[in-house]
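Read top to bottom, the protein sequences are chains A and B. Using my numbering, the letters of the first sequence map in sequence onto residues 1 to 116. Using my numbering, the letters of the second sequence map in sequence onto residues 117 to 231.
Derived by calculation from the structure, the hints in this document are not laboratory data. There's no promise every hint is true.
Said to hold, decoys possible - When the alpha-carbon atoms are kept at most 25 Å apart in a straight line, the in silico DMTMM-like pairs for lysine to aspartate or glutamate are as follows:
#, chain 1, residue 1, chain 2, residue 2
1, A, LYS108, B, GLU219
2, A, LYS56, B, GLU199
3, B, LYS194, A, GLU42
4, B, LYS184, B, GLU213
5, A, LYS108, B, GLU178
6, A, LYS60, B, GLU219
7, B, LYS140, A, GLU42
8, A, LYS108, B, GLU160
9, A, LYS108, B, GLU199
10, A, LYS108, A, ASP94
11, B, LYS184, A, GLU97
12, A, LYS52, B, GLU213
13, A, LYS52, A, GLU76
14, A, LYS77, B, GLU213
15, A, LYS60, A, GLU97
Everything numeric in this text was worked out from a predicted model, so none of it was measured.
Listed here are the chains, written in short residue letters.
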Amino acid sequence: GDSVTQMEGPVTLSEEAFLTINCTYTATGYPSLFWYVQYPGEGLQLLLKATKADDKGSNKGFEATYRKETTSFHLEKGSVQVSDSAVYFCALSDRNENSGYSTLTFGKGTMLLVSP
Amino acid sequence: DAGVIQSPRHEVTEMGQEVTLRCKPISGHNSLFWYRQTMMRGLELLIYFNNNVPIDDSGMPEDRFSAKMPNASFSTLKIQPSEPRDSAVYFCASSLEASSYNEQFFGPGTRLTVL
Numbered sequence: 001g002d003s004v005t006q007m008e009g010p011v012t013l014s015e016e017a018f019l020t021i022n023c024t025y026t027a028t029g030y031p032s033l034f035w036y037v038q039y040p041g042e043g044l045q046l047l048l049k050a051t052k053a054d055d056k057g058s059n060k061g062f063e064a065t066y067r068k069e070t071t072s073f074h075l076e077k078g079s080v081q082v083s084d085s086a087v088y089f090c091a092l093s094d095r096n097e098n099s100g101y102s103t104l105t106f107g108k109g110t111m112l113l114v115s116p
Numbered sequence: 117d118a119g120v121i122q123s124p125r126h127e128v129t130e131m132g133q134e135v136t137l138r139c140k141p142i143s144g145h146n147s148l149f150w151y152r153q154t155m156m157r158g159l160e161l162l163i164y165f166n167n168n169v170p171i172d173d174s175g176m177p178e179d180r181f182s183a184k185m186p187n188a189s190f191s192t193l194k195i196q197p198s199e200p201r202d203s204a205v206y207f208c209a210s211s212l213e214a215s216s217y218n219e220q221f222f223g224p225g226t227r228l229t230v231l
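Here chain A stands alone, though its shape is the one from the complex (with noise of 0.2 Å):
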């Protein structure tokens, strides 16, 4: 089946340092990937998403670029700020056989931690 493999965290960076977030997937089909955030206490929030090979989705000052060489989304962004501790987690949208529809399928989350 289809799955997301994640960095595990936390992350813990300066501010103005430089991020990268590693995520791969496994998947049958032909995916759309996304990365979603999560601030304390909130529902997740699309971050960005890629829905073919070599997309680069942006968003924020976050990018990340759907490699199916790789088959991998990872997460950079250039300078980081302490607004952007939080839980971020890649995701894939395959279409299921049976069912004829798509779900997302989570990686674990990696925590941000960002600090002055």
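Use these hints to put chain B onto chain A, whose structure you have.
Structure of chain B alone, referenced to chain A:
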């Protein structure tokens, strides 16, 4: 625009009691998803609906769990009887269609504690 609305935000109950969690999806969205989040297991999809019809409930952990969607603007997740291991944060999410391209919008969650 109002996002996905869940109630209650927090629920504390005793083992054996019935618990009902409620969700109002975003107006116009056809698909609704229930998730459970725990430290040990992460985010798990419990059940999802399309046009109010349950499509796949294979993620529901036991017969004690049931979900309904009587109309396009309301869904419930019920646990009867509840057990301490059901303690978790339960999220409801909705999307336009359960397609691989569509973003799911999440509610704020219900934090359930079963004593």
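Which numbered hints fail: 2, 14 and 15
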